[in-house]
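Construct the entire structure; sequences and hints are all you get.
In order, the protein sequence lines correspond to chains V and A.
Numbering that gives the first Met the number 0 applies: residue 0 is where the first sequence begins, and numbers increase by one.
Numbering that gives the first Met the number 0 applies: residue 0 is where the second sequence begins, and numbers increase by one.
Derived from the structure by calculation, the hints contain no laboratory data.
Errors might be hidden in some of the hints.
Facing chain A, from chain V, some residues (calculated, C-beta under 7 Å) [as the list claims (entries may be wrong)]: (1) 6; (2) 36; (3) 203; (4) 210.
Beta carbons: idealized from backbone N, C-alpha and C, even for Gly.
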Amino acid sequence: MAEHRPSAAIEAVESGLAAQGYMASRQIATAVYLAQQIEKPILVEGPAGVGKTELAKAIAAWRGLKMIRLQCYEGLDEAKALYEWKYAKQLLYTQILKDKLGEVLGGAKTLHAALGQLHDFGDVFFSKEFVESRPLLQALEQPTGCVLLIDEIDKSDAEFESLLLEILSDFQVSIPELGTIVAAVPPTVILTSNGERDLGDALKRRCLHLHIGFPEQRLEERIVESRVPGISQTLRKQLVGFIHQVRTLDLKKLPSVSETIDWARVLVLLQASELGHEMVKDTLNVLLKYEADIEATLPQVTTFVARASHHNVFG
Amino acid sequence: MRENLHRFFRAARGAGVRVSPAESIDAMRAVANVGFSDRGILRDTLLLTLAKTEDEKKALGQCFDLFFDLPESSQTEPGSRGEEREATKSQTTGRADDQSASGLGPLAQMLLSQDRTEMAAAIAAASSAASLPDIRYFTQRGIFSSRILDLMGIARLRDDLDDLAATDTALTERLTAALNVLRDNVRDTVSQALLLYGREEAENLRNEILRNAPLSRIEPRQVAQMQLLIRQIARRLRERYSKPRKRQRRGHLDVRRTIRRNAAWGGVPFLTAWKRRRRDRPKIVALCDVSGSVARVSDFFLLLIHSLHEVVSDVRSFAFSGHLIEVSDLLETQSPEQAMQEIMSKVGFGSSDYGNSFADFEKQWMSAITQQTTVIVLGDARSNNLDPRADILRRIAERSKRLVWLNPEGRTAWGFGDSEMPRYATFCTVVRQCATAQQLERAVSDIVATYQ
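The structure is reproduced here in structure tokens:
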């Protein structure tokens with residue numbers, strides 16, 4: 000068994016991502032490490048705004064690789080995701096090469112002979128020059144490898160999932176006219192999903208499954224610290240404490256990490272050094288995105304603020 | 000170690016996590032990479048490679064903790080146990096010396112030496128020899144316990160005990176006490192194994208029984224389980240029917256989209272676009288009898304219907320016994336238990352009056368029924384000899400797409416006593432018996448399927 004201190008390697012991943020401003024939990028770091036070791040895509044699930052997309056960006060920045068992003072939506076198909084023939088270019092070239100073709104075929108006496116000569120050209124017009132590569136093909140063609148982010152896969156149709164299977168398991172695609180294209184360097188693939196629909200078992204089987212939930216208080220404090228450098232320590236603790244209490248409420252959309260960061264930025268902009276309930280009430284719309292949620296939270300604000308500052312003193 | 004992993008995969012399957020061979024290969028490869036040294040990392044690794052939903056992650060996490068508590072994996076922490084062994088050895092050797100333990104069987108000697116590590120190892124060896132991971136049902140506990148004890152040599156121990164009983168009573172007592180401890184240990188091992196490997200099977204069996212039990216007669220303690228089962232059914236139906244209902248209707252050219260798509264080639268139609276037709280999501284109006292005889296069934300039916308959000312776009316439910324009220328909002332905003340209680344306090348437990356309830360519906364909510372609506376009536380059609388008002392039911396049937404009547408009573412009882420079923424049945428598209436969870440599932444599944 001290859002014992003090469005995996006815990007050290009995982010810590011290296013953690014600090015590498017941290018250097019890019021992404022505070023990864025142990026589980027996330029393990030997933031990234033494993034994805035690299037056994038060359039598997041990672042399927043990241045979790046509520047919106049917990050940093051699923053950010054993870055891919057951070058990995059790309061840390062490894063110094065190019066990031067190729069494919070945003071999924073309903074109706075996304077092969078032509079937009081994989082490759083397309085450049086019809087216009089093909090047409091144009093046939094026009095330009097008309098005379099040349101005439102010369103070549105001029106010597107032929109019968110239609111049959113002309114056809115035979117034409118066959119000798121091979122499939123000139125269906126060669127690599129006429130392929131428009133879309134994100135998936137681009138990712139395979141990168142000479143140094145890349146990070147391929149397939150964002151919000153749950154938004155695409157079930158058929159598109161099947162299209163991905165070949166790429167995800169073997170890092171290759173088959174184009175009927177060209178044959179099979181194999182990746183020069185297998186890309187690191189990150190798929191994200193908000194759980195809008197259940198993904199197929201075939202797709203899940205090919206991936207490591209990572210669920211990112213809301214981070215723990217400590218971790219979230221570190222995230223805020225790295226993302227909003229100007230924030231005072233007291234405010235940071237109170238703010239994260241407050242948000243953790245809001246998350247215990249039964250809301251339509253719970254505030255996630257991105258909202259925490261936005262809110263922290265707003266508070267820094269307002270030059271707050273402490274959490275006051277007046278200020279919280281004024282800026283609650285940054286945190287909560289539904290009128291009903293704001294109304295549900297407002298009566299609790301005073302208690303939450305008190306508890307957050309209380310916790311800060313004694314905790 | 001590979002053996003251990005294989006056993007863990009089996010335990011994982013027992014916990015309801017679907018582990019395919021391909022996934023177990025992945026897990027093996029991943030574990031080969033991270034090694035066994037760090038338990039936290041190992042746990043994360045297995046969770047990442049095997050569990051594919053959040054529920055599965057939770058189940059697998061529990062399974063992992065339970066599994067690595069088993070004595071089978073005790074070799075991973077020999078340090079602490081070893082010290083213990085030294086301590087117990089020095090204690091017991093003094094006593095064991097004067098009483099000659101020679102002539103006793105190996106099991107008796109092991110028990111007398113009171114070496115816990117050795118005993119745990121022996122139990123583990125005997126359990127794998129008895130193929131303990133094959134345990135499925137709680138009824139097998141006895142047989143597996145005795146099989147393990149047999150393998151450990153309990154027959155010889157009994158002979159020893161018989162021999163000793165005449166000569167050395169003190170030693171006999173000690174041996175008997177030790178044997179009882181051993182029995183307890185084996186029983187614990189078997190129970191834990193059952194928890195690990197048999198959970199899924201036991202649950203399947205229980206669910207199978209529950210699915211075919213009459214809903215109206217299940218016991219109060221089974222209600223929670225039944226609700227769980229109904230939610231499972233709802234999830235299954237959602238998975239089956241929530242796929243995008245898109246179907247191409249070949250033959251009708253979508254001129255607008257074709258022109259737009261081919262703009263790059265000057266409007267020469269290289270690519271054609273065809274008109275698509277979207278299917279309607281089901282619209283359901285449910286009328287549920289909540290009088291004493293069928294209240295339970297209505298309860299579960301309403302729970303099922305209201306758990307189908309992604310499949311059914313619009314549900315309006317009404318409850319009645321003597322008169323009829325709308326209960327959709329109650330069910331949407333409150334937990335099922337609370338909602339049912341409130342419904343019961345408003346209209347429940349009276350004697351049912353179908354005629355009056357239908358009249359209530361026609362007066363106030365007839366407009367809720369459109370050509371796309373399926374109307375479901377759930378009730379036993381026992382109207383206590385009051386006017387059944389079948390004419391209203393006819394008008395409901397005429398307005399709606401389908402009228403489905405679900406009756407918890409068996410077919411043979413229809414039409415006897417005060418049952419008006421035959422009279423109502425003439426206006427219904429479908430009439431079916433619906434007494435168990437399984438029948439309920441089939442009925443709702445068929446209703447939803449007609450919209451696909």
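Exercise. What are the numbers of the hints the structure violates, in ascending order?
Worked result: When the structure is compared with the hints, none of them turns out to be violated.
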